[in-house]
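Chemist: Protein chains in written order, with our numbering: chain U, 1 to 224; chain C, 1 to 224.
Bear in mind the hints are in silico, worked out from the structure with no lab data behind them. Accuracy of the hints is not assured; some may be wrong.
Copies of one chain are not kept apart here, so a pair can be met inside one copy or by any two copies together.
Quick list of in silico lysine-lysine cross-link-like pairs, BS3-like style, CA-CA up to 30 Å [unchecked claim]:
hint	residue 1	residue 2
1	Lys177	Lys152
2	Lys34	Lys156
3	Lys219	Lys45
4	Lys156	Lys177
5	Lys30	Lys45
6	Lys45	Lys152
7	Lys34	Lys67
8	Lys194	Lys156
9	Lys27	Lys152
10	Lys156	Lys45
11	Lys180	Lys34
12	Lys34	Lys52
13	Lys194	Lys52
14	Lys52	Lys174
15	Lys219	Lys180
16	Lys174	Lys67
17	Lys177	Lys60
18	Lys67	Lys194
Number of protein chains: 2
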Amino acid sequence: MSARRRFDEELGLLHHELVEMGSMIEKAIKTSFKAIESDDEEAAKDIIESDKAINEMERKIEARCLKLILRQQPVATDLRLISTAMKMITDMERIGDHAADIASICLDDEKEKNPEPFRIVDDKILKMADIDLEMVASSISAFINDNLELAKTTIKTDSEVDELFYEVRDDIIKGLKSDKISPSLAMDTLMLIKYLERIGDHATNICEWVIFYLTGEHKNKKLL
Amino acid sequence: MSARRRFDEELGLLHHELVEMGSMIEKAIKTSFKAIESDDEEAAKDIIESDKAINEMERKIEARCLKLILRQQPVATDLRLISTAMKMITDMERIGDHAADIASICLDDEKEKNPEPFRIVDDKILKMADIDLEMVASSISAFINDNLELAKTTIKTDSEVDELFYEVRDDIIKGLKSDKISPSLAMDTLMLIKYLERIGDHATNICEWVIFYLTGEHKNKKLL
């Protein structure tokens, strides 16, 4: 097999692993949300445990990228692909962390002392999670399908998540003022929406790297 | 000039720029804290503006790293240095973002409606900021001086920041329960300590990359 063909095969594997890591983080977000909605502590522990698999995947992809760069002098477009992959996985791993952070809210000790049933999720928060999931899926789809337009439109969606963050934050403050929400539930809810807001930011970062991959420009600046 | 010598010169410049970026983020943390302590909205706006310079620096270093990889097939240790730099700057840039996030708390609209004077910072929070600053400085110093021990001890300090986070979080909940803190100030304070906690995490990440640079192992796993 020619060196070039072996290199292309390795790139194919990289591609495949990125898609797999994408599925892993989407699943992590979904199951975290289920755990939190049903206040399922066992499920939460499972999610935190499976975050390790996402971290392992990041390291596996990272090692593959480094070896690809080391083994053969890549041409410019290959280098762009490899550096995009190295940047994307950092954001993907953080999204996995935030899914675990969300799940860990179930395990909050304060919560157990809370007399009311643990009800943290309202329609606005569900909407945030839905947009996040859509953004994560689209950012990876944009990469797989070389879809510049999709990367650009996905970035625009992030402002909806940001707006919902501020709306729910105001709801929490109002809830505290009228004693409709306990202080510890308020803290948990604020952290929950912060994690959701950050997931949107990381999906945006992924899209920005996809744009770099496709155009050589990162945030409208020529990088290579 | 030989290609190798030109390459070494470029590596020297990379080194220099990383140190400069380190100084920029340390300054950002310090000035954010001053802005928040004195509730100085103008200073806060300046910090948010100067975060752009940190982002620019990240892109400049990133472009240099990519060019270094592209221009000459780097040997394993050079490659390790370059990939460490590419990873470090992601965390450094996030620390800069968090400094701007901290400053932006001054600009919170809710706060203006707050009857009490804006006093968010207590001794525990100051302690968190001090440890953060120390961690950031040490992580970069460990890189510059090839100091493996310093990278390892710095990582251990992160648990102090985490403990303080939970202590202050409990203080906020108690403050809310006894009406000693307004809901909006509680939200701002929780976000503040979350940013401080994250800065510690990012400094830890930097140290982990320094360990990779010096040993080839990342979080006790062989990467290259």
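Chemist: Against this structure, judge whether each hint is valid.
Modeler: Tested hints:
{"no.": "1", "hint": "Lys177 <-> Lys152", "verdict": "neither (40 Å within a copy, 45 Å between copies)"}
{"no.": "2", "hint": "Lys34 <-> Lys156", "verdict": "within (27 Å within a copy, 34 Å between copies)"}
{"no.": "3", "hint": "Lys219 <-> Lys45", "verdict": "between (38 Å within a copy, 22 Å between copies)"}
{"no.": "4", "hint": "Lys156 <-> Lys177", "verdict": "neither (34 Å within a copy, 39 Å between copies)"}
{"no.": "5", "hint": "Lys30 <-> Lys45", "verdict": "within (14 Å within a copy, 37 Å between copies)"}
{"no.": "6", "hint": "Lys45 <-> Lys152", "verdict": "between (36 Å within a copy, 28 Å between copies)"}
{"no.": "7", "hint": "Lys34 <-> Lys67", "verdict": "neither (38 Å within a copy, 45 Å between copies)"}
{"no.": "8", "hint": "Lys194 <-> Lys156", "verdict": "both (19 Å within a copy, 26 Å between copies)"}
{"no.": "9", "hint": "Lys27 <-> Lys152", "verdict": "within (24 Å within a copy, 34 Å between copies)"}
{"no.": "10", "hint": "Lys156 <-> Lys45", "verdict": "between (34 Å within a copy, 24 Å between copies)"}
{"no.": "11", "hint": "Lys180 <-> Lys34", "verdict": "within (24 Å within a copy, 35 Å between copies)"}
{"no.": "12", "hint": "Lys34 <-> Lys52", "verdict": "within (19 Å within a copy, 38 Å between copies)"}
{"no.": "13", "hint": "Lys194 <-> Lys52", "verdict": "both (22 Å within a copy, 22 Å between copies)"}
{"no.": "14", "hint": "Lys52 <-> Lys174", "verdict": "neither (38 Å within a copy, 34 Å between copies)"}
{"no.": "15", "hint": "Lys219 <-> Lys180", "verdict": "neither (43 Å within a copy, 44 Å between copies)"}
{"no.": "16", "hint": "Lys174 <-> Lys67", "verdict": "neither (54 Å within a copy, 52 Å between copies)"}
{"no.": "17", "hint": "Lys177 <-> Lys60", "verdict": "neither (49 Å within a copy, 47 Å between copies)"}
{"no.": "18", "hint": "Lys67 <-> Lys194", "verdict": "neither (36 Å within a copy, 36 Å between copies)"}
Consistency with the previously given hints fails for numbers 1, 4, 7, 14, 15, 16, 17 and 18, ordered from lowest to highest.
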